Amino acid sequence: MANEFLSSVRRGFLSNIERMSILSYLEKNKRLDGRSLLEMRELRLVPNYIEKAEGSCFVSLGKTKIIAGIKVSIGSPYPDTPNQGAFIVNMETMPIASPSFELGPPSEPGIETARVVDRGIRSAEFIDLESLCIEPGKSVYLLFIDLYPIDDNGNLVDAAFYSAIGALLTARLPKVEIEEEKPVLIRDETVPLKVRMENLPIQLTYGKILNKIILDPTNQEELLIDYKITMAIARGNIVGIQKSGKGAADIDDIIFVANDLKSRAEKIRQNILAQIKK
Amino acid sequence: MKLSREHVIELLKEGKRIDGRSLLDPRPIQMEVGVVERAEGSAIVAMGKTRVLCVVRGPMECVPSYLADPEKAVLDVAYRMATFSTEERKSPSPSRREIELSKVIREALEPALMLDRYPRMMIRVYCLVLQADGGTRTASINAASVALAYAGIPMRDLVASVAVGYYDGRILVDLNAAEDDICADIPMAMMPAYNKITLIQADHIFPVDKIGDVLKVGVNAMKKIYELQRETLKKRYIDIARELGGE
Amino acid sequence: MVIRLKKSSVRIVVPGEVIATGQNYIVKGAVSKGLDGCVIANRIGLLKIKGREITVVPLSGPYIPKRGDSVIGIVVDFSVVYWLLEINYVWRARLDASDYLKRPFDASRERITDHLKIGEVVYAKVAHIERGMAPILSCREKGYGKLEGGRLISINPVKIPRVIGVKSTMLESIKRITEADIRVGANGIIWVKAERPEIEELVEYAIKKIEREAHIAGLTKRIQKELMEGMRRIHRGK
Numbered sequence: 027m028a029n030e031f032l033s034s035v036r037r038g039f040l041s042n043i044e045r046m047s048i049l050s051y052l053e054k055n056k057r058l059d060g061r062s063l064l065e066m067r068e069l070r071l072v073p074n075y076i077e078k079a080e081g082s083c084f085v086s087l088g089k090t091k092i093i094a095g096i097k098v099s100i101g102s103p104y105p106d107t108p109n110q111g112a113f114i115v116n117m118e119t120m121p122i123a124s125p126s127f128e129l130g131p132p133s134e135p136g137i138e139t140a141r142v143v144d145r146g147i148r149s150a151e152f153i154d155l156e157s158l159c160i161e162p163g164k165s166v167y168l169l170f171i172d173l174y175p176i177d178d179n180g181n182l183v184d185a186a187f188y189s190a191i192g193a194l195l196t197a198r199l200p201k202v203e204i205e206e207e208k209p210v211l212i213r214d215e216t217v218p219l220k221v222r223m224e225n226l227p228i229q230l231t232y233g234k235i236l237n238k239i240i241l242d243p244t245n246q247e248e249l250l251i252d253y254k255i256t257m258a259i260a261r262g263n264i265v266g267i268q269k270s271g272k273g274a275a276d277i278d279d280i281i282f283v284a285n286d287l288k289s290r291a292e293k294i295r296q297n298i299l300a301q302i303k304k
Numbered sequence: 030m031k032l033s034r035e036h037v038i039e040l041l042k043e044g045k046r047i048d049g050r051s052l053l054d055p056r057p058i059q060m061e062v063g064v065v066e067r068a069e070g071s072a073i074v075a076m077g078k079t080r081v082l083c084v085v086r087g088p089m090e091c092v093p094s095y096l097a098d099p100e101k102a103v104l105d106v107a108y109r110m111a112t113f114s115t116e117e118r119k120s121p122s123p124s125r126r127e128i129e130l131s132k133v134i135r136e137a138l139e140p141a142l143m144l145d146r147y148p149r150m151m152i153r154v155y156c157l158v159l160q161a162d163g164g165t166r167t168a169s170i171n172a173a174s175v176a177l178a179y180a181g182i183p184m185r186d187l188v189a190s191v192a193v194g195y196y197d198g199r200i201l202v203d204l205n206a207a208e209d210d211i212c213a214d215i216p217m218a219m220m221p222a223y224n225k226i227t228l229i230q231a232d233h234i235f236p237v238d239k240i241g242d243v244l245k246v247g248v249n250a251m252k253k254i255y256e257l258q259r260e261t262l263k264k265r266y267i268d269i270a271r272e273l274g275g276e
Numbered sequence: 013m014v015i016r017l018k019k020s021s022v023r024i025v026v027p028g029e030v031i032a033t034g035q036n037y038i039v040k041g042a043v044s045k046g047l048d049g050c051v052i053a054n055r056i057g058l059l060k061i062k063g064r065e066i067t068v069v070p071l072s073g074p075y076i077p078k079r080g081d082s083v084i085g086i087v088v089d090f091s092v093v094y095w096l097l098e099i100n101y102v103w104r105a106r107l108d109a110s111d112y113l114k115r116p117f118d119a120s121r122e123r124i125t126d127h128l129k130i131g132e133v134v135y136a137k138v139a140h141i142e143r144g145m146a147p148i149l150s151c152r153e154k155g156y157g158k159l160e161g162g163r164l165i166s167i168n169p170v171k172i173p174r175v176i177g178v179k180s181t182m183l184e185s186i187k188r189i190t191e192a193d194i195r196v197g198a199n200g201i202i203w204v205k206a207e208r209p210e211i212e213e214l215v216e217y218a219i220k221k222i223e224r225e226a227h228i229a230g231l232t233k234r235i236q237k238e239l240m241e242g243m244r245r246i247h248r249g250k
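Chains as they are written, first to last, in our numbering: chain A, 27 to 304; chain B, 30 to 276; chain C, 13 to 250.
Bound conformation, chain A alone:
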């Protein structure tokens, strides 16, 4: 049951004894949960978790859990992109996943996470925005990708990213009919959302503690981390970087992360696709 989390992580800080435990493990290139420094926790995707939504995906990354849901509506395109639909990623931070979240509008970490996830997907041009055009210059599909963290055991940003990807990969758009000169959604008839599979972005987050780089930190480790680097890659290109945390990053670390992510991207991509197909 809950107790490791109730104790040190609920407090929001570590005692010096707990800190020394984690550091002494790190010195031997090990982590408290038995992982090696650059090992990711198990990533599980359950698409179509919310039937009534146009797209959805439940993700667990170790014990971190989050749900993404996609709702579709019709709106006007942005003036500078008259033939493209639009999407926005939003994360709600209800005090469900973590005692540090307050009820109310999303807090700073929630907004940062949503924008980082959005950036990776947008820069990779993963969603075929032209396919979302209904009447050029007049009406387009609007996609709202909303993220609801359920349990925060560290690295919510990566879990959030994969839940958005899982939802997009399995989303279905309601067809549109023009009724009395206005486009209307016919919810019973759907077509798959068009995405560019070759542009599928893969994102990972690394943390630095003393002189060690670790992949996919838990929230205990996040309490000790100097800084985090979240990076997204698509088709051999970097499509997003976010350094977060109070510490100052080493240039070599940034380069290390890019190369390490590149070497893992394909395997993660295959894992995601295999789970979506099931």
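If you're looking for bench data, these hints aren't it; they were derived computationally from the structure.
Only a predicted model underlies this, so the values are computations on that prediction, with no experimental measurement involved.
Do not rely on the hints blindly, as some may be mistaken.
Stated by the list, open to error - Label pairs and their in silico Cβ distance ranges:
hint	chain 1	residue 1	chain 2	residue 2	range
1	A	R70	C	Q35	52 to 58 Å
2	B	K245	A	I160	49 to 55 Å
3	B	K239	A	T107	22 to 28 Å
4	C	G161	B	E61	40 to 46 Å
5	B	S33	C	G49	54 to 60 Å
6	B	S94	C	S91	17 to 23 Å
7	C	P173	A	P131	40 to 46 Å
8	C	P173	A	D59	24 to 30 Å
9	B	D232	A	K272	51 to 57 Å
10	B	L96	C	A229	24 to 30 Å
11	C	R208	A	E65	22 to 28 Å
12	C	G49	B	E256	51 to 57 Å
Glycine included, every Cβ here is placed at the ideal spot set by N, Cα and C.
Given chain A, work out where chains B and C should sit, using these hints.
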């Protein structure tokens, strides 16, 4: 398959329902506790397609401190619908309905909680509707009860809840969204061990002399849900029970 | 009328469950009197019936400090003459400098952080607690004070009595076999320090096992066996 109002009404007139249930059948119910490890208590309850996640935090310090009661804990309940829970996207900011339901759910649970055990503290209950198809407040109360018990908050009893409907002489149990549009929607909650009602609301219209029957049908349905709540909690500890030669 | 139980069996009860009707029962633990004086469980717990004595041992719930509890706390804040410690309770507990130092503390000549800093770990006794307020801790007794090195283990506070065992049998077994220094906090936190980190890991493994199997008979013997095997492996191998 989108069914027109007329179709639903036609079926009701024949004593039938769109999902093939009989009038007194609730939808299939699933309950699970302990789904959020970081919280003191949690549960997911699904009643048909309606699905609600409830998380209990506390007892904790009362925030803001001027709300603290020197004689008992303060119960704070927030009912919110996920943006993707409804057909049209629900705006994330709380609507008047969500605020009213938060209060109504709180008052449905409060009589069951022994809040005087935790003076000056606060217990927070968050109900997030993941998918809405009628009866979200009843599913929230069912989930909150087992989540509170799981958290170890002393309770006089569990609270079971269901929505009863009335249309044209017919009394139905556990309305889905299509039905609560048409019928008089009477959600209720009770503490079965004390035979007391902790929630009752009604909208639309139904004859005064039917109130007794409506309550009787509701009480029977809630007692069955209560058994499921107990089973769900006991199941969670089943390895202990088995090892000890119990059930 | 009382719930029928096999003589040596126990059973899980949930809030609202009627255990017995009628009077003349001695009740202990998570039970209340319901309608007509019947005995009702008020938490999820293990029901034990012995003659006319009904006990429900709760299986979950927050830690509520009692006077005399030994707890492990972490320094999180300080004022001029006292520290505030996190003890897994709703409020932080207070430890006075004069108590910790066992002598009067002169704020004009000393700084409190010279003696205990934020993040340090202390083994203390709950000296005073009033409902709804911060508890007061004391380190005056022998064996209490700052803890250094070793590791901390968190378990469900409800399982702590099993880690100690009846007349301390379980805890003494663990100490004897591993030769580790162990302090157990009623608040669900346990400190262990041993000659080697492998031994500390072994103790952690044993404690987590006790937490999982707390109510199964013969646990003490099983734990002793596992610890002895573990110690043999450690001395042989690494």
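Against the structure, the hints come out as follows:
1. Between R70 (chain A) and Q35 (chain C) the beta carbons are some 54 Å apart, a value that agrees with the proposed interval 52 to 58 Å.
2. Taking the beta carbon of each, K245 (chain B) and I160 (chain A) are about 53 Å apart, inside 49 to 55 Å as hinted.
3. Range check, K239 (chain B) to T107 (chain A): Cβ separation about 58 Å, and the 22 to 28 Å hint is violated.
4. The supplied range of 40 to 46 Å is met by G161 (chain C) and E61 (chain B), whose beta-carbon atoms lie about 41 Å from each other.
5. Our hint of 54 to 60 Å for S33 (chain B) and G49 (chain C) holds, since their Cβ atoms are close to 56 Å apart.
6. Between S94 (chain B) and S91 (chain C) the C-beta distance comes to about 18 Å, which sits within the given range of 17 to 23 Å.
7. In this structure the supplied range 40 to 46 Å holds for P173 (chain C) paired with P131 (chain A), their Cβ-Cβ distance being about 45 Å.
8. At about 28 Å, the beta-carbon gap between P173 (chain C) and D59 (chain A) stays in the expected band of 24 to 30 Å.
9. For D232 (chain B) and K272 (chain A), the Cβ-Cβ distance of about 53 Å falls inside the hinted range of 51 to 57 Å, so the restraint holds.
10. Distance hint check for L96 (chain B) and A229 (chain C): the Cβ-Cβ separation is about 47 Å, which falls outside the suggested range of 24 to 30 Å.
11. Checked against the given bound of 22 to 28 Å, the beta carbons of R208 (chain C) and E65 (chain A), roughly 25 Å apart, stay inside it.
12. Taken as a hint, the range 51 to 57 Å is violated for the pair G49 (chain C) and E256 (chain B), whose Cβ atoms sit roughly 24 Å apart.
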